[in-house]
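Student: Each chain, letter by letter, is given below.
There are 2 protein chains.
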Amino acid sequence: MKKVTLGPQTFLYPLPALLVGTKVDDTPNFMTAAWCAIAASKPAAASVAIRKDRHTLKGVEQQGTFSLNVPSAALAKKVDYCGIYSGKKRDKSHIFQIFYGVLKTAPLVQECPVNLECKVIHSLDLGSHNLIVGEIIETHVSENCVTDGKPNPKMIDPLIYAAGTSEYYRFGDIIGKAFNIGKD
Amino acid sequence: MKKVTLGPQTFLYPLPALLVGTKVDDTPNFMTAAWCAIAASKPAAASVAIRKDRHTLKGVEQQGTFSLNVPSAALAKKVDYCGIYSGKKRDKSHIFQIFYGVLKTAPLVQECPVNLECKVIHSLDLGSHNLIVGEIIETHVSENCVTDGKPNPKMIDPLIYAAGTSEYYRFGDIIGKAFNIGKD
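So the protein lines, in turn, are chains P and Z. Heads up, the first sequence is in my numbering, so the first residue is 28 and it goes up one at a time. Heads up, the second sequence is in my numbering, so the first residue is 28 and it goes up one at a time.
Calculated from the structure, these hints are not laboratory results. Keep in mind the model is a prediction, meaning the values are calculated, not measured. Don't take every hint at face value.
From chain Z, some residues computed to sit far from chain P (all C-beta separations above 12 Å) [stated by the list, open to error]:
hint	residue
1	Lys-30
2	His-82
3	Glu-88
4	Gln-90
5	Lys-131
Restricting the straight-line Cα-Cα distance to at most 25 Å, the calculated cross-link-like pairs of lysine to any residue (SDA-like) are [what the hints assert, rightly or not]:
hint	chain 1	residue 1	chain 2	residue 2
6	P	Lys-29	Z	Ala-100
7	P	Lys-181	Z	Ala-101
8	P	Lys-30	P	Ser-193
9	P	Lys-105	Z	Lys-30
10	P	Lys-105	Z	Lys-204
11	Z	Lys-30	P	Glu-170
12	P	Lys-85	P	Gln-124
13	Z	Lys-30	P	Arg-197
Cβ coordinates follow ideal geometry from the N, Cα and C atoms, glycine included.
Start from the sequences and build out the full structure, keeping to the hints where you can.
Tutor: Next comes the structure, spelled out in structure tokens:
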């Protein structure tokens, strides 16, 4: 298949559509972010790229903490709302039911099936964005989405962000078991 | 919904199942990685967490370059193979059709609909893993997966890695348009 070149682009598939929770000037705030990933296992860590002018970056810098919340497809409109409107102009503290875990400054979204509490350990200046790396301090999962002690993607029904066409998708069919279907 | 706590865990949804391409001692090698993300837009950058004992890390350090290749669901078995077996023991240079772009040391997978060429700009020691940040130098997309000058997720049919149950999924239904369905 012939390839076309598109220059330096930010196209990766899939990307998540997560809610990053922070407290900014004591008000809980939630930003939608697709540029998040796991960064290490020991200690468990996660990364999120945050544009420098973002209200959320102010909260991260004030508190040194943040949360990553995995929404289900049913929350798509609220997630998109948090991606469109800045906390500088809209109070987003009443959109979701909020709870706190170990870290008292990282608001967690009750309606999101998976919540990670993170404590900042690195902030890397990458130009347009700061890449924030947080140690994962605690993981919360909605009880009805846990099978055999682990989160169950079918029950979580996570939202996917598709770059390029800028659409939200949900998970489809299972292809197979990882660390298994490729055995020779 | 009641929550259960699982301790510091690496559960995020969705995660990708990408092929990280490197040259190790002059041999092209491919590692499967789920802990990848976009890290910035200007300059365009991507991050990948690589365990310290990985053959791929050796290649990244030797060349200062790597590629991120987005496989379609049809490649699941080969992707899983690259995640099970180390390049230390298996020659993975003949699994895929390889091509090179601007960077002459980052092998790209012809069969993968999207390929990013990356040049290392940071390596962050996070304990178990090094978080490698690369500037994205060029993006290649298979011609039949481009619509209106952008990659089309429906045609790419990307592979998803689901942590917890360790399964591969494919994309399902479209939920809606981002930066749109949440407008008030």
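Student: Take the hints in turn and mark each one as holding or not.
Tutor: Right, here's what the structure says about each hint:
Not every Cβ of chain P is farther than 12 Å from the Cβ of Lys-30 of chain Z; the closest lies at roughly 4 Å, contradicting the non-interface assignment. The non-interface label for His-82 of chain Z is consistent with chain P: the shortest C-beta to C-beta separation is roughly 16 Å, beyond 12 Å. At roughly 17 Å, the least C-beta separation between Glu-88 of chain Z and chain P is larger than 12 Å, which holds for a residue marked as non-interface. Distance check for Gln-90 of chain Z against chain P: the nearest CB is about 19 Å away, which clears 12 Å, and the non-interface claim stands.
For Lys-131 of chain Z, the shortest C-beta to C-beta distance to chain P comes to about 15 Å, beyond the 12 Å cut-off, and the non-interface label holds. Proximity of Lys-29 of chain P to Ala-100 of chain Z is assessed by CA-CA distance (about 19 Å); at most 25 Å being required, the pair is judged to hold. At roughly 21 Å between alpha-carbon atoms, Lys-181 of chain P and Ala-101 of chain Z fall within 25 Å of each other, so this suggested pair holds. For the proposed pair Lys-30 of chain P and Ser-193 of chain P, the alpha carbon gap of about 22 Å is at most 25 Å, so the pair holds.
Between Lys-105 of chain P and Lys-30 of chain Z, the direct Cα distance comes to roughly 21 Å. Compliance with the 25 Å bound is thereby established for this hinted pair. At roughly 13 Å between alpha-carbon atoms, Lys-105 of chain P and Lys-204 of chain Z fall within 25 Å of each other, so this suggested pair holds. A hinted pair counts as satisfied when its Cα atoms are at most 25 Å apart, and Lys-30 of chain Z with Glu-170 of chain P qualifies at roughly 5 Å. The suggested pairing of Lys-85 of chain P with Gln-124 of chain P holds, with an alpha-carbon distance near 22 Å, which does not exceed 25 Å.
Between the alpha carbons of Lys-30 of chain Z and Arg-197 of chain P the distance comes to roughly 23 Å, so the proposed pair stays at or under 25 Å and holds.
Violated hint: 1 only; the structure is consistent with all others.
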